[in-house]
Structures are given as structure tokens and as C-alpha cells.
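The task is simple: from the sequences and hints, build the whole structure.
The residues making up each chain are set out below.
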Amino acid sequence: MCMYKMGVIGDKDSILGFKALGLSVFPVTQPEQAARLIHKLAKENYVILFVTESLAQDIKETIDRYGSQPFPIITLIPNNAGSMGLGMEGIKSNVEKAVGVDILFGERG
Amino acid sequence: MAIMRVNPTRMELTRLKTRLQVAVRGHKLLKDKRDEMMRKFLDLIKQNKELRERVEQKLTLAFKDFVMARAVMSSEVLEEAIMFPTRRVEIKPSIGNIMGVAVPVIEYKEVIDQELSPYPYSFAATSAELDGAIAAFSDILPLMVELAQIEKTCQMLADEIEKTRRRVNALEYVIIPQLQETIRYITMKLDENERGNRTRLMKVKDMLEEKNANV
Chain A
1 MCMYKMGVIG DKDSILGFKA LGLSVFPVTQ PEQAARLIHK LAKENYVILF
51 VTESLAQDIK ETIDRYGSQP FPIITLIPNN AGSMGLGMEG IKSNVEKAVG
101 VDILFGERG
Chain B
1001 MAIMRVNPTR MELTRLKTRL QVAVRGHKLL KDKRDEMMRK FLDLIKQNKE
1051 LRERVEQKLT LAFKDFVMAR AVMSSEVLEE AIMFPTRRVE IKPSIGNIMG
1101 VAVPVIEYKE VIDQELSPYP YSFAATSAEL DGAIAAFSDI LPLMVELAQI
1151 EKTCQMLADE IEKTRRRVNA LEYVIIPQLQ ETIRYITMKL DENERGNRTR
1201 LMKVKDMLEE KNANV
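The listed protein sequences derive, respectively, from chains A and B. Quick note: the first sequence, position 76, residue 76 per the working numbering, numbers continuous. Count along the second sequence from 1, then add 1000; that gives the number in the working numbering.
Take the hints with a grain of salt, since some may be wrong.
Stated by the list, open to error - Derived pair list, reagent style DSSO-like, types lysine-lysine, alpha-carbon separation capped at 30 Å:
1. Lys43/A to Lys1092/B
2. Lys1049/B to Lys5/A
3. Lys1046/B to Lys60/A
To be verified - If you anchor each label on the Cβ, the simulated ranges turn out as follows:
4. Asp102/A to Val1105/B: 22 to 30 Å
5. Val101/A to Lys1064/B: 35 to 43 Å
6. Arg1025/B to Val101/A: 27 to 35 Å
Claimed, not checked - Which bits of chain B does chain A cover? Going by a derived footprint, with three or more residues having C-beta under 8 Å, they are:
7. 1040-1046
8. 1057-1068
9. 1091-1102
10. 1130-1141
11. 1154-1167
By construction, these hints were calculated from the structure, which means they are not laboratory data. Please read all numbers here as calculations on a predicted model, not as lab measurements. Every residue, glycine too, gets a C-beta built ideally from N, C-alpha and C.
See the structure below:
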């Protein structure tokens, strides 16, 4: 019995492929819809939620709300239009928060 | 540095000295905690960055395949083809601990039924691009799970490091100097009282002796 689940939230064209791997796929187009969905799934047994960057950029507050607890993990993934760099931005802001200055991406600008 | 508003008494002095001891000890401990967390964090964040780069790159390629598959097949057929997955992923979440920070740990297991093909459809009705996309997705999934775990750990560590650093700084630059200053103030005040008392006694003694000599 698979108690804990993984979900993918994003536009249908990008995420449908994950269905073949046994993940739950939630095609969503509106940011508000996605925010509500995340709240709902967080109460269920979803451990990891992959959210496409294009959706995530409009529901930052919702995603940040789950930042301080271990589960569910909300991870940003690029969609079929390519990466928007939001995920990397997250890593960068973590470095800045912890170290004070950006030491990982400094060499690039 | 401002001193605290306290009564310059011996009792207060003892109390403040104990507080100072606790503060210094706490400061040392927190500083050690911060340093160790920072070391762990730097290790993890490097991994995190590499992993994310890899995942994003691979995922973009896989999406390209998938878009192609979608383009050459009708969406009903495609949806039907992947409606019932033959494989299942099992994940077991638990809570790990890095320097007192509760971090997520995920055990990942893919359940593959050996008798079934990894593709949940017959090859006759689907295009080859779909096979490629599905294969690519299933390659990436373990990486994605690892990425999710590491990224969350980094995020929580970063929060905790920030908090700890604030505490260390507050102790180092505010509380400890304040306590030291106040302790100094009370000691001076008590010494001054002591000296005042002594001179008074000496003066009284002189006056008494003068009186006795005159009589």
C-alpha cells in the first residue's frame, strides 16, 4: 500500500508524462486554483509536490508557507518552455540568508 | 554601552555574575552550533546547485521529447496510453536531524513489476517519442526526489543559521557587554560606599580622640 504520495502540479502539456511513472498529476492553469490545490494536498498524504516554475511565480506566499515544516516538500521544476531560473534563485537566496553574501553564483555576476 | 537599571547591591551583583556566566557559555555553544551548521550547509548547497542544474537540464530535454509525442499523437490516445501506470514509486518519509534542525529524509523505492513492461501501453498505437520521454522521465525521477530532499534541507538549515546568527550577535554585542558594564558599575559603587564608610569612621575616631585629649 502506497501511503505517501508524490504529486505534480503544472500545465497539462508539461506534466502529463509523470503520470506514466505513477505520480499523481494535477493539471492546473490558474494560480489561485494551484494555491488551493497545494493547501488541500498538504493535508493529505502528499510528501513531495513538484510545481512548475511558471505557476509557482504567482503563488510564492503559498509555497513559502510550507517552508518552515519538513513536509510537504514543494520543489520547483521547469516546464516545457524551459527553465525560468526560479529554482536557482531559491538556492541563491538560501545562500544569501545563511552566509550573508552570495558565494556560489558570485563568479557569474 | 548603557548599563541596566539595577540597585547596586551585593545580591544584585551575584545575580548578574551568574547571568554573565550563563550568557558567555550560551554564546560559546551557539557559536559552535552556527559554525557546524554553516559547514554542513556549504557542503549541501553545493550538491544542491549541481543537482538542480542536472535535473533542469535533463528535464528540459525530456519535456522536448514529450512535446513531440503530444504533437504526433492525438491527446485522447496519449492520455489513454498513460492512464494506468504499470510501475509505482514508493517513498517513505522520515525526519532526520542536523544539529537540532528537523529535516526531511526520504527513502525512495521504485516498484517494478518484472512481468509487465515499464511502458503502460502497447507500442502499436503510440509513437516512439513517447517511449523516449517516458524513459527519460523515469531516469530523472530519483534525481528529482533527491533534489527535493536536499533543497528542503538547505532551506531549513539556512533559516536556522540565520536565527542562530542573530542570537550569537545579540549575546556577543549587546547582552554580554551590558552585563559586564553593569557588573563594573555595581563593583565601583560598592567600593565607593566602602571607602566612604572607612573615611567616616576615621573622621569619627579623630573627633573622639580630640575630645578625649581636651578633657
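Verification of the supplied hints:
| no. | hint | verdict |
| --- | --- | --- |
| 1 | Lys43/A to Lys1092/B | holds (17 Å) |
| 2 | Lys1049/B to Lys5/A | holds (25 Å) |
| 3 | Lys1046/B to Lys60/A | holds (24 Å) |
| 4 | Asp102/A to Val1105/B: 22 to 30 Å | holds (28 Å) |
| 5 | Val101/A to Lys1064/B: 35 to 43 Å | holds (36 Å) |
| 6 | Arg1025/B to Val101/A: 27 to 35 Å | holds (30 Å) |
| 7 | 1040-1046 | holds (count 4) |
| 8 | 1057-1068 | holds (count 7) |
| 9 | 1091-1102 | holds (count 5) |
| 10 | 1130-1141 | holds (count 5) |
| 11 | 1154-1167 | holds (count 8) |
Violated hints are absent here; each numbered hint is respected by the structure.
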